[in-house]
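Engineer: Just so you know, the protein sequences line up as chains A and B, in that order. The first sequence begins at 1 in the UniProt record's numbering and counts up by one. The second sequence begins at 1 in the UniProt record's numbering and counts up by one.
The set of hints was computed from the structure by calculation and includes no laboratory data. Possibly wrong hints are sitting among the right ones.
When chains are identical, the list treats them as one kind, so a pair holds in a single copy or across two.
Stated by the list, open to error - Once the Cα atoms are required to be at most 27 angstroms apart in a straight line, the calculated DSS-like pairs of lysine-lysine come out as:
(1) Lys196 - Lys102
(2) Lys102 - Lys37
(3) Lys118 - Lys102
2 protein chains.
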Amino acid sequence: MWQLYQFPLCPFSRKVRFLLGEKGIGYELIRESPWLKRDEFVDMNPAGQTPVMVDSSAPVILVDSQVICEFLEETVDRMPLISGTAVHRAEIRRLVSLFDNKLYFEVTAPLMNERMLKRLVHRQAPDAAILRGAMKNANSHLDYIDWLLDHRRWLAGPVLSLADFAAAAQISVSDYLGGVDWRGHENSREWYAAMKSRPSFQPILAERMEVILPPDHYDQPDF
Amino acid sequence: MWQLYQFPLCPFSRKVRFLLGEKGIGYELIRESPWLKRDEFVDMNPAGQTPVMVDSSAPVILVDSQVICEFLEETVDRMPLISGTAVHRAEIRRLVSLFDNKLYFEVTAPLMNERMLKRLVHRQAPDAAILRGAMKNANSHLDYIDWLLDHRRWLAGPVLSLADFAAAAQISVSDYLGGVDWRGHENSREWYAAMKSRPSFQPILAERMEVILPPDHYDQPDF
Ligand SMILES: N[C@@H](CCC(=O)N[C@@H](CS)C(=O)NCC(=O)O)C(=O)O
Ligand SMILES: N[C@@H](CCC(=O)N[C@@H](CS)C(=O)NCC(=O)O)C(=O)O
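The following block holds chain A by itself, in its conformation from the complex (with noise of 0.2 angstroms):
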């Protein structure tokens, strides 16, 4: 059985997560905040951050979402992910960079360092400069989902893939954490409410962090 290492508003975790989810693969959640930089979990990742997935009876360690997506999905054949010619899988990776990397950094990063780093850990008000300029730059990830789906069904193409769950999950965190305004968002709002309803997305809107609430229409399917 799969352990999976992470805390309930980590966005790479949650991506691990829908892949699990729609490849009804199994697993263990176990709790790690890894801003307390725990010696036995800093043994098993170097780099001290989550989510890390462990086979205890391998014994197998696997460290990084990507890592983790690309291993599930070259050992399990079911609801490929990262499907379709070389160039195809090439534009899902691309997406999946951009929404772990760009959309993480200037938008999702922020919140959770002021909305609930700050909070939890250092007991400091948030910097509203730092909130306006998330919620801004959140305001420009949602523009180009706009465009995308101008042009596609699913954030990649024709197909949902990994992309879709990658944007998913940071864009989750961000609206859980109130950086999301989906006024003038159409486009992105159908293809959020269609994400929403997925069997894999339900058991993570039903989470909550402690102390941190998220807005009423957080969970709601009409937002």
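Take the given structure of chain A and dock chain B with the ligands to it, following the hints.
Structural biologist: Here is chain B with the ligands on its own, set in the frame of chain A:
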């Protein structure tokens, strides 16, 4: 014919060039300075980053160094660099991600910012405290590489892999910028000497970025 948009000190472009060299794939270099945010370049890559690899006859546009590497692994059989079992491939990709992300953000990026961008673009003096921090981080990363090489012939295991080239790409740029102190890192030094002697490395070591010159030991086989 592939065209690679890059600049001499972009570590991610170096990673791709190592792979192209090892696989014997011809390509043409196109100089791109991503900080200029040239319109035609941002049209190709909305993330505005190098490397981008283009085959204008197809046409195919590949964005992001790891996307390009996975594409080349899937389409060119010669000299596989992400090979072995799924678990071994995961270990290669874990290290690639460690070097592309952690080593880049903690070492290469601050060095590039202080010693390259501040000089070429902002006409400012480097910040000595940031440089010291980056060099201290470089030391920790070399400690980890020393430790890997205590247990393995190459960084990810018994065979040369993309992990070695991802590390060499970051380290070579940091070394060019005077950020690497090799003293006390005999394992890393021996490994890096072997990397430097590869034909795929030679043309890259011979290149210079305008205005900024590397230390004397930079392109020496003994250092
Ligand atoms: N490239 C990694 C990024 C993982 C990551 O940044 N995780 C965050 C939590 S969302 C973390 O552990 N941060 C703590 C740290 O970087 O020290 C992946 O895709 O898994
Ligand atoms: N994940 C990307 C990172 C590329 C990257 O950070 N490139 C730098 C140059 S070394 C860049 O273009 N920076 C300009 C910017 O981010 O605006 C890859 O692996 O290709």
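Engineer: Going through the numbered hints above, which ones does this structure break? Give me the numbers in ascending order.
Structural biologist: Per hint list: zero violations.
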